[in-house]
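Here is how the chains run, residue by residue.
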Amino acid sequence: MPAGGFEELEHTADWALRVRGRDLAELLVNAAHGMLELAGVQTSSGAGPERTLELTSHDPESLLVDWLHELLLALELRSVAFKHIRLEVTGDRDLIATFQEVPLISIAKPIKAVTYNELDIVETPQGLTATVVFDV
Amino acid sequence: MSERRLVRKEDFKQLSPFLWEIPTTYRSGMRVPVRLFADDRLLEDALDDKSLEQAVNASMLPGLVGHVTVMPDVHQGYGFPIGGVAATRLPHGVISPGAIGYDINCGVRLLASRITLEEAEASMADLASALYRNCPSGVGVKGSIKLSTKELERVCREGAEWALDNGYAQEIDLARTEEGGRILGADPEAVSDRAKQRGQPQLGTLGAGNHFVEVDVVDQVFDSGAASAMGLALGTLALQIHCGSRGFGHQVCTDYVREFQPAAARYKIQLPDRELVCAPLDSPEGKRYLAAMACAANYAFANRQIMAHHARRSFEEALGGRVPDWELHQVYDIAHNMGKIEEHAVGDERVRVCVHRKGATRAFGPGFEGLPDDYRPLGQPVLVPGSMGTASWVLLGTEGSMQQSFGSSCHGAGRTMSRKQAKRTVRGDQLRAELERRGIQIRAGSMPGLAEEAPQAYKDVDAVVEVVARAGIAKKVARLRPVAVIKG
Chain X
1 MPAGGFEELE
11 HTADWALRVR
21 GRDLAELLVN
31 AAHGMLELAG
41 VQTSSGAGPE
51 RTLELTSHDP
61 ESLLVDWLHE
71 LLLALELRSV
81 AFKHIRLEVT
91 GDRDLIATFQ
101 EVPLISIAKP
111 IKAVTYNELD
121 IVETPQGLTA
131 TVVFDV
Chain G
1 MSERRLVRKE
11 DFKQLSPFLW
21 EIPTTYRSGM
31 RVPVRLFADD
41 RLLEDALDDK
51 SLEQAVNASM
61 LPGLVGHVTV
71 MPDVHQGYGF
81 PIGGVAATRL
91 PHGVISPGAI
101 GYDINCGVRL
111 LASRITLEEA
121 EASMADLASA
131 LYRNCPSGVG
141 VKGSIKLSTK
151 ELERVCREGA
161 EWALDNGYAQ
171 EIDLARTEEG
181 GRILGADPEA
191 VSDRAKQRGQ
201 PQLGTLGAGN
211 HFVEVDVVDQ
221 VFDSGAASAM
231 GLALGTLALQ
241 IHCGSRGFGH
251 QVCTDYVREF
261 QPAAARYKIQ
271 LPDRELVCAP
281 LDSPEGKRYL
291 AAMACAANYA
301 FANRQIMAHH
311 ARRSFEEALG
321 GRVPDWELHQ
331 VYDIAHNMGK
341 IEEHAVGDER
351 VRVCVHRKGA
361 TRAFGPGFEG
371 LPDDYRPLGQ
381 PVLVPGSMGT
391 ASWVLLGTEG
401 SMQQSFGSSC
411 HGAGRTMSRK
421 QAKRTVRGDQ
431 LRAELERRGI
441 QIRAGSMPGL
451 AEEAPQAYKD
461 VDAVVEVVAR
471 AGIAKKVARL
481 RPVAVIKG
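Protein chains in written order, with this note's numbering: chain X, 1 to 136; chain G, 1 to 488.
A couple of the hints might just be wrong.
No farther apart than 30 Å at their CA atoms in a straight line, the calculated lysine-lysine pairs in the DSSO-like style are these [stated by the list, open to error]: (1) G:K150 - G:K13; (2) X:K83 - G:K196; (3) G:K142 - G:K476; (4) G:K150 - G:K196; (5) G:K423 - G:K13; (6) G:K476 - G:K423; (7) X:K83 - G:K287; (8) G:K9 - G:K420; (9) G:K287 - G:K196; (10) X:K83 - G:K142; (11) G:K196 - G:K146; (12) G:K420 - X:K83.
It should be emphasised that the hints constitute simulated quantities derived from the structure, not laboratory data.
The task is simple: from the sequences and hints, build the whole structure.
Quick look at the structure:
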């Protein structure tokens with residue numbers, strides 16, 4: 001696994017990422033960085049406001065899907081991307097994320113959706129790992 | 001991902017030269033067999049990824065009847081394979097949003113013209129540029145139509161009829177659209193505010209990915225009577241539009257895949273993949289999803305109708321006065337990601353079912369009442385776009401498709417190479433140069449995106465069509481060859 005905590009996997013029609021983290025919070029942050037890299041997100045150097053996002057989901061896998069979906073929506077609806085993501089997870093179902101918004105310049109490739117396909121957050125000796133499939 | 005062994009050729013029983021079956025004994029939990037239409041080569045292709053594994057998983061959906069059908073253009077998707085058809089019995093069988101897909105009513109529209117290639121050849125670059133300029137494309141692109149929430153809700157209910165009321169359509173366009181361009185039962189109350197927010201600026205846009213506008217020339221005619229009824233003449237130009245319900249549909253599917261996660265547990269439904277999550281058709285959740293899906297389907301019908309309007313304007317700009325007749329006439333508009341309530345024969349019984357088609361096209365045979373008068377004796381047109389730079393096909397539905405595949409046929413070429421591999425092996429700028437050397441005008445917003453859609457990443461569409469024709473689930477009418485491709 002590369003240092004960024006994510007790697008792209010082969011997938012015939014869509015995109016897939018293997019993501020890892022020492023804990024769920026790190027896994028979610030790495031998944032966010034992986035998704036932004038897959039989509040080829042280009043941002044300006046300007047600094048935007050710091051934001052806080054709170055989410056509650058059904059379970060850890062849903063939390064991962066919901067979190068990435070929130071970021072996709074911000075890209076599409078508000079034309080912003082994210083830097084300096086910090087994340088706190090409590091009870092495996094709730095998160096509070098803080099990040100700096102930065103103006104979006106362009107996206108090379110669109111992501112339609114974050115899917116549950118074969119999504120399973122698995123414990124390993126190094127922490128947690130998951131595979132996320134994106135519909136593109 | 002699962003390390004379970006993939007389906008192998010020896011797991012199949014060959015039922016006929018182009019039909020293969022995985023019996024329910026293959027894995028515990030299968031409720032019906034899986035049947036694949038393929039020749040030897042396409043069967044080998046299907047074994048290369050997890051598409052058949054996904055079809056086996058789909059065969060575990062509650063309430064299935066008959067068999068899960070897999071088309072020869074199958075490839076791995078997410079949860080349900082692209083190129084899959086599954087029918088669940090009403091009222092207690094399930095509906096699965098993931099088995100319909102995020103791009104609800106992604107589909108294809110074909111328009112014909114009386115313009116010969118010779119007449120237009122000198123203006124083809126202008127035509128490609130006009131289409132690229134007038135058909136908004138790219139990631140998150142916004143269109144020229146700004147919908148209020150109230151107007152968006154009208155689009156949800158009325159589909160292509162909204163486009164007709166607002167000057168973007170001709171009456172015959174709607175008659176020559178699946179379901180007349182309007183699915184009944186749409187309820188905007190079943191759609192989230194977020195979906196509406198995403199849908200408001202995107203009506204009349206192409207998007208990106210594998211969506212395209214393509215100018216073709218009618219290259220071969222196999223059924224001159226049917227081609228004539230459709231207005232397709234050898235050597236004349238035609239235009240295809242491939243797009244769907246944009247962010248609106250993506251959000252509807254996302255919302256319901258999320259909402260169904262706890263619902264499935266409530267209904268004690270256990271599935272091998274959470275993306276197949278589902279709810280009974282007669283449950284409150286199932287009914288709400290059907291009503292929301294109809295909204296997204298109607299949005300997509302309106303979207304392709306407005307794209308057709310943009311295309312007509314582009315033809316007028318580029319060819320007006322340069323050719324005798326620059327009008328575009330609707331051939332047909334079909335969905336290939338949809339759940340439809342239909343009646344089919346299952347054994348000796350007529351059964352009302354919800355047919356999930358994901359990357360598969362409805363292909364009803366001759367006599368179907370939903371077709372316009374001039375098409376009813378022929379069967380429903382089936383539009384099969386090939387990969388970029390390769391042929392596309394116009395087919396007709398048959399009685400054989402009604403008997404073998406719940407009135408369904410293939411939808412395209414089907415991928416065979418991963419996007420990652422395509423990016424590694426193909427450069428977008430080189431591909432564009434190669435296609436232009438072959439006389440195909442290319443207008444594209446993203447070179448990496450172009451590379452991912454390279455023809456070598458797809459199966460041979462001619463081979464796919466040969467299988468559906470020889471298996472009797474569609475009939476050849478005409479083959480189209482591209483001369484200009486517009487992509488986001």
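Status of each hint after checking the structure:
1. G:K150 - G:K13: With Cα atoms ~54 Å apart, K150 of chain G and K13 of chain G exceed 30 Å; violated.
2. X:K83 - G:K196: 28 Å, holds
3. G:K142 - G:K476: Distance of about 37 Å is beyond 30 Å: violated.
4. G:K150 - G:K196: Roughly 10 Å separates the two Cα atoms, so the pair holds.
5. G:K423 - G:K13: 36 Å, violated
6. G:K476 - G:K423: 33 Å, violated
7. X:K83 - G:K287: 41 Å, violated
8. G:K9 - G:K420: The given pair, whose Cα atoms are some 26 Å apart, holds under the 30 Å limit.
9. G:K287 - G:K196: 19 Å, holds
10. X:K83 - G:K142: Answer holds: K83 of chain X to K142 of chain G is near 26 Å, not above 30 Å.
11. G:K196 - G:K146: Holds - the C-alpha atoms of K146 of chain G and K196 of chain G are around 12 Å apart, at most 30 Å.
12. G:K420 - X:K83: Judged against 30 Å, a Cα distance of about 26 Å means the pair holds.
When each numbered hint is compared with the structure, violations occur for hints 1, 3, 5, 6 and 7.
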